[in-house]
Structure formats: C-alpha cells, structure tokens
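There are 2 protein chains.
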Amino acid sequence: MKCLVTGGAGFIGSTMIDALIAGGSTVTCFDNFSSGQERFLQDSGRRPQLRIVRGDLLSAESLREAMRDCDIVFHFAANADVRHGAEHPGKDLEQNTIATFNVLDAMLKNNVRKIVFSSTGSIYGESPVIPTPEDAPFPVQTSLYGASKLACEGLISAFCEAFGMTAWIFRFVSILGERYSHGHVFDFCRQLFADPGSLSVLGDGTQRKSYLYVGDCISAILCALQAATEKVNIFNLGTDEFVSLKDSIATITGELGMNPRVEYGGGARGWIGDNPFIYLACARIRALGWAPALSIRQGIVRTVRYIRENRWLLDAR
Amino acid sequence: MKCLVTGGAGFIGSTMIDALIAGGSTVTCFDNFSSGQERFLQDSGRRPQLRIVRGDLLSAESLREAMRDCDIVFHFAANADVRHGAEHPGKDLEQNTIATFNVLDAMLKNNVRKIVFSSTGSIYGESPVIPTPEDAPFPVQTSLYGASKLACEGLISAFCEAFGMTAWIFRFVSILGERYSHGHVFDFCRQLFADPGSLSVLGDGTQRKSYLYVGDCISAILCALQAATEKVNIFNLGTDEFVSLKDSIATITGELGMNPRVEYGGGARGWIGDNPFIYLACARIRALGWAPALSIRQGIVRTVRYIRENRWLLDAR
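Protein chains in written order, with the numbering used here: chain A, 14 to 330; chain B, 14 to 330.
These are computed hints drawn from the structure, not numbers from a lab. None of these values were measured; they are calculated from a predicted model. Each hint should be verified, as a subset may be incorrect.
Each pair may be met inside one copy or between any two copies, as identical chains are not told apart.
Unchecked claim - Here are the simulated EDC-like cross-link-like pairs (lysine to aspartate or glutamate), alpha carbons at most 20 Å apart as the crow flies:
id	residue 1	residue 2
1	Lys15	Asp217
2	Lys244	Glu51
3	Lys104	Asp94
4	Lys122	Glu100
5	Lys15	Asp82
6	Lys122	Asp69
7	Lys244	Asp287
8	Lys15	Asp94
9	Lys122	Asp253
10	Lys244	Glu139
11	Lys259	Asp217
Chain A extracted, bound-state conformation (with noise of 0.2 Å):
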C-alpha cells in the first residue's frame, strides 16, 4: 500500500508511519514540523520505504506534488490544541478545515480515493447521552477545535459522497503513550520536574475524560481499515472507562514518586469549550472484534515513563 500520512511527524503520525512501514507499505510523510519531530521518526527514517516531505498543507501545490501515485491518505495532521482556541479563533478554521479541504482537493486530483482521518469526542460537545455512541443526537459545538474537525468529517463525507471516495473517520478520545508530547500529562509532568511540591491545575478536578493508548489507538484504525466497508466509516475510538482528573493526577505523581500540594483553579470545567464529562460508546470498534490492550492507568504510566525518560520533549515546544 502507498500512503501518505499528513502530521506524520507527530505523536499518532509517526507511530502510524511505524506500523505501516512494518506491514509492508511505503510511505511518504507530510509535515511542516511545526509541532511534528524528526526523532520521532528515527526508527522509520533509514528504511527506503520512507520519503520525508516537509511541506504545508495549506500549499496546496507542494501537496498535490506529494502525493502522486498514493493509495491512501491518512490525515492526521492538525491543529490539537483545544484549550487555547479562543486565542486565536482562526487557528482551527486553517490548520484543520481549510487543511482538510486541501488533502481532499489533492486527493481528487490525484485521484486517491481513500482517506483516514483523526476526528475527536470534542465534535460531541456537552452530549445529553453518555457514554456518547457515534449516533448520539446532533450536537451543538463548544469549542473551536471541535467545530473545525465537525467541519473536516462534513468535507470528508460530501466529498465521498460527490466524488466516490471512501473514509474511515476515528472520534478519538485523548490518546496517550510513547511521543505523547502535549496534553495534561505533558503539562503536569513538566509542572513537576520544575516543582515537584506543587502542581496547578486547571478545573476543580472532578472533570471525568477517556483515554486510549496509542497502540491500540493504532490497531483499532487497521482493524477498522480491513474490516468496514462503507462509503463513511466512523468509529468512536476509547476505552470502556473513565477516570477522574484527581485519579489521574494520583497515577502521575505516584509513578513520579512526588507528593505535591495540588492547587485547583475551580469551576467545571479546566477552559472555555472544555467538556466536564467525555467518554464515548465504542461498541462499534469493539464490534470488529478489536480491543484495547491497556487500561486507561496503564496508558499514563505509560506516558510518565516515556516522558521522564525524553525530557528534550519538555523543551522542544
């Protein structure tokens, strides 16, 4: 299989790159490594079937260029940080929806017919169901970045539709493990490398949220890539758990060994588009016959472990 896998220089990108490359396919990789890592490709990197490509997705030209004589796209490239999109409101609307319509335009004129795409539980905002199936009633956005990415799965489908390509679309929950390189385990285990007597935190940390370790993250995309055969396949892609972020913080500070004073902002919700309660139905996946192999607490050790021993990762954003 050729694939060109966007972001491939990131966190789920790179572990993407990974397996397909030991499942035999040939790969180009596209990122602007604006947030992506060479490092994170090292393993990858000397095999032949690896082309590295340092472009934008929002050159449409260098793009197209890429991507000749594909297969299949994975997309994966975006703009992930949901907490501070108020912050730059047009952030997500370029890096995500106009990205996307790219890859898609691209994909038409090189007529790939093929897509993955890394959606989120975000695009269910506050849902009245939990946990929340890929059905769930139509939700009202409550974030910029959900709302970019329900705009990325609403130009993936048309285009399937009026185009007869084929998508599989994963509503992640958070993923974890190895390259995992932002998000609250990244943020605490920096607090506490600085301090490990205090740690800030957003929220009053009841928030519940689901998580999935990236390996299986990355299994449950192949499984669903053999085994659905819709025009649009989508998948919430989870655990069938939940934690709490006091759980979370206790997994963290004891893998640590730290025993900080923990200081809660308060309020629901950590931001302004945070989501109280995420944890999605995947009864669908699971339907494939795929499980995750780790538990949530398994992932952020996990992640712990990786982090403590790649502290460069601290310092490279």
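Model the placement of chain B on the given structure of chain A, informed by the hints.
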C-alpha cells in the same frame, strides 16, 4: 435595533430588510450583488433607515467597517447552489464557511453579540428520522453545501461559547415566494416560458420535499428572536407537510395553464447529494406560537405568479 443584513439584496435577505425597517429598525445591507438584485431593495432603499454597502464577505476589512455600531447581524449571504456543489468544491468552503468565519470575527472586533443565521435542512443528510427534529441522530453529510452550512453552525456555536455571543440558527426547508430567484420553480418556469410544450426534470419525480413561504420564514425568525433566549437557539423552519416533485409540477403547470410533456431524468435523486425526502419536524418553533400562514401549494402558486410578473429575473442571472 441597528441591524446588518448580509446577503441583504437577496431573496430572503431583502424581505428581512423590509420587515426590519417596517418594524422601526435601521439596517445596513451588505451584499456583493453576485446574485442579489438592486430592485429587491426598491421599497426600503428610499428610506433613510437603509444603508447599502456593496462589499464581499471575503474582504474582512470592508465587512468590519460596515458592521460598526451594529446590535445584531442577520447573516443570510451564501452560495445557495446545492445542486452544482461537486462542480466547484471550493465555492461552498469560501462563500459559506470562510465567509461566516469572517462575519463572526468582524462581530468580535465590533463587539456585536447577536447573530441570526440561515442554515438548511440539508445538514441532516439523508436522516433515518423523518420528519427530522433538531436533535436527530448525528448526520452524515451528503452535499458540499450541507457540509459547509454544518461548518458554519459549528463555528457560530463555538463562538457563542467562547465569546458570550447569542445565536439564532434556522434550518430552512426550501423557501418560496416573491423575489424567489433560485430553485426548481424558477427552473421550471424558465423552461415553460421558453417552450410551454416540454419540461425536463431531474430525478424520477418522486422526490418529496417541504417548502415554506418567505413571509412565514420571516415571521418565524422574528418570533424566535423575541421568545428564544438560550445561548444557541436552533430551529427547523418548515410547514407540517411535504409535496412530491410531481405534485409540485402539477401545481406549477396548472397555475400557468400549460400541459407540457414531462421528461424525467430518472433516479431517486435529482443530483449528487440530493436528498430524496426532506421533511423537517417543526414542533420547536411551533411551541413558540408561530404557525405558517400559507400552505406549500399556496406558496408555489404565489411564486409562479411572481415569476410570471417579473420575467426580468429570468434574465438577471
């Protein structure tokens, strides 16, 4: 009330302007006149309460300037060409999604906090639930037009959450009535005026659609603006009925006194992304006390009479 109406020279926008001015508001009409008509503004244009700005929503600066001192924005400008979406896939993105972002951004910069938005029943795709309520199962998009309006709704809702705005979002069925200048009644009249003996129709004629008279559309919007006080207020707007395309043709030809040979293109769908059955549940807006004054049939008859008396419109596009 100081209002800005985007697409104010269009079918629905100009009718809205007439109603706003009749109600004592002052209005800025913002339109690029790509499909808007100066003649639609003849009545209100003589009044000092109306200011007409010829500008494009993709030019952020002129928009920001035009919006100064406004209390509320009625954002009706759009590429409303559902049918030919696949011929220019970037048009809906630009003229709907990006244009709406620009409207929201200009509101932010002008401290305008209220927006009325014309969305569409097309965002439900091919809903499994008919009549389709506002909280129908999370839809899969089937048209680039629907996808772009979904993206707009998402942006508007996220802006409301992030910046304390209030929105009234209306998911229209097809709107009919005076100044109607786009859609199947228009196309059929054009054909029949050119050749009363023959009518060429997309699809097999069994498509079932719902319609709403423009006067009823405006009264529903004004009703919801008074009575709905959520952060994001979403309403389907339609009648409690639907008609088949064949019924609609019978009404049109009957009103024109013509008996053409009708040729059907075949297929359940008139075009890529066409939904064969659009019928919205409107209990939510009805609960506010609003009801349509005209039936679909009455709306079609008024539309045909209007087009017959305003043939200049057939040449205006």
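Against the structure, test the hints numbered earlier, and report the numbers of the ones violated in rising order.
Failing hints, ascending: 1, 2, 8, 9.
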